[in-house]
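Could you build all of it, start to finish, from the sequences and the hints given here?
The C-terminal residue of the sequence shown carries number 215 in the numbering used here, and the numbering is unbroken.
Some hints here could point you the wrong way.
[Claimed, not checked] Cβ pair distances, simulated, as ranges:
| hint | residue 1 | residue 2 | range |
| --- | --- | --- | --- |
| 1 | Asp27 | Lys98 | 38 to 48 Å |
| 2 | Ser77 | Asn207 | 19 to 29 Å |
| 3 | Glu191 | Ile95 | 33 to 43 Å |
| 4 | Gly109 | Leu205 | 30 to 40 Å |
| 5 | Leu179 | Asn51 | 37 to 47 Å |
Calculated from the structure, these hints are not laboratory results.
Just so it is clear, the structure is predicted and the values come from calculations on it, not from any experiment.
The beta-carbon is built from N, C-alpha and C at its ideal position, and this holds for glycine as well.
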Amino acid sequence: MDFIIKRIINNPIDSNCFVIYSDDSLGCVIVDPGSKDSSELIHFLKNNNLSVEYIILTHEHFDHIWGVNDLKSIYNESKIITTQLCGDKIINKKKNMSVFYDQIGFETYPCDISIESISYSLAWNGMNFNFIKTPGHTDCGMSIVFSNKIFVGDLIIPGYLTVTKLPSGSKNDLLKSFYFIIENYKESNLRVYPGHGNSFLLNNIDFKDIL
Numbered sequence: 005m006d007f008i009i010k011r012i013i014n015n016p017i018d019s020n021c022f023v024i025y026s027d028d029s030l031g032c033v034i035v036d037p038g039s040k041d042s043s044e045l046i047h048f049l050k051n052n053n054l055s056v057e058y059i060i061l062t063h064e065h066f067d068h069i070w071g072v073n074d075l076k077s078i079y080n081e082s083k084i085i086t087t088q089l090c091g092d093k094i095i096n097k098k099k100n101m102s103v104f105y106d107q108i109g110f111e112t113y114p115c116d117i118s119i120e121s122i123s124y125s126l127a128w129n130g131m132n133f134n135f136i137k138t139p140g141h142t143d144c145g146m147s148i149v150f151s152n153k154i155f156v157g158d159l160i161i162p163g164y165l166t167v168t169k170l171p172s173g174s175k176n177d178l179l180k181s182f183y184f185i186i187e188n189y190k191e192s193n194l195r196v197y198p199g200h201g202n203s204f205l206l207n208n209i210d211f212k213d214i215l
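What follows is the structure, encoded as structure tokens:
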């Protein structure tokens, strides 16, 4: 089955949201719905007759989770997937950093499925999502691998140093995550879908430029 990846740029902060779907199925998976106003995303879903089955969050920061409540209010059977630690943070306006953005903040619906509880793998429409803990930008960061693709959140942003100065960020953890990806996937030359910016091939990135 061929899958389509639709990128929608979140607002008001230009992080990436990805919709993974197929012409052969009415279900879809959404990665990092981070818009305060989710109308563009919801319009796309309705125009393509897509129903949201899973919402996967690469980490807890508000610009990657802001649209979760909008989606859950419409697609109430959808399941939120995070690391266990991330699940603890998305329901806390301080830990998801939203209160520091507008002094109001928000909390999302709770996580439905932790990657630890499903042994870091999910079968969906004949395909396996493999989840990898990749801390560094934050201690609960994760990446998602399927087929020849990897979604990395803010672990890698092409052309920019990875931010590790926010709460729970760690340069040492970042290095370990980079080395793990290089050692396990460099030969596969995965296409990387970052939390900000355009996708790129793994072999085209010089990790020294983002450390």
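(message) Assuming the hint says 38 to 48 Å, is it satisfied by the Cβ distance from Asp27 to Lys98 or not?
(response) 42 Å, holds
(request) Could you check the hint for me, namely that Leu179 and Asn51 are 37 to 47 Å apart, CB to CB? (result) 43 Å, holds
(message) Looking only at beta-carbon atoms, does the pair Ser77, Asn207 fall within the given range of 19 to 29 Å?
(response) 41 Å, violated
(message) Looking only at beta-carbon atoms, does the pair Glu191, Ile95 fall within the given range of 33 to 43 Å?
(response) Between Glu191 and Ile95, where Cβ atoms are some 39 Å apart, the hint holds.
(request) Starting from the range 30 to 40 Å, see whether the pair Gly109 and Leu205 falls in it by beta-carbon distance. (result) About 37 Å separates the Cβ atoms of Gly109 and Leu205, which means 30 to 40 Å holds.
Figure legend: structure checked against the earlier numbered hints; the only hint not met is number 2.
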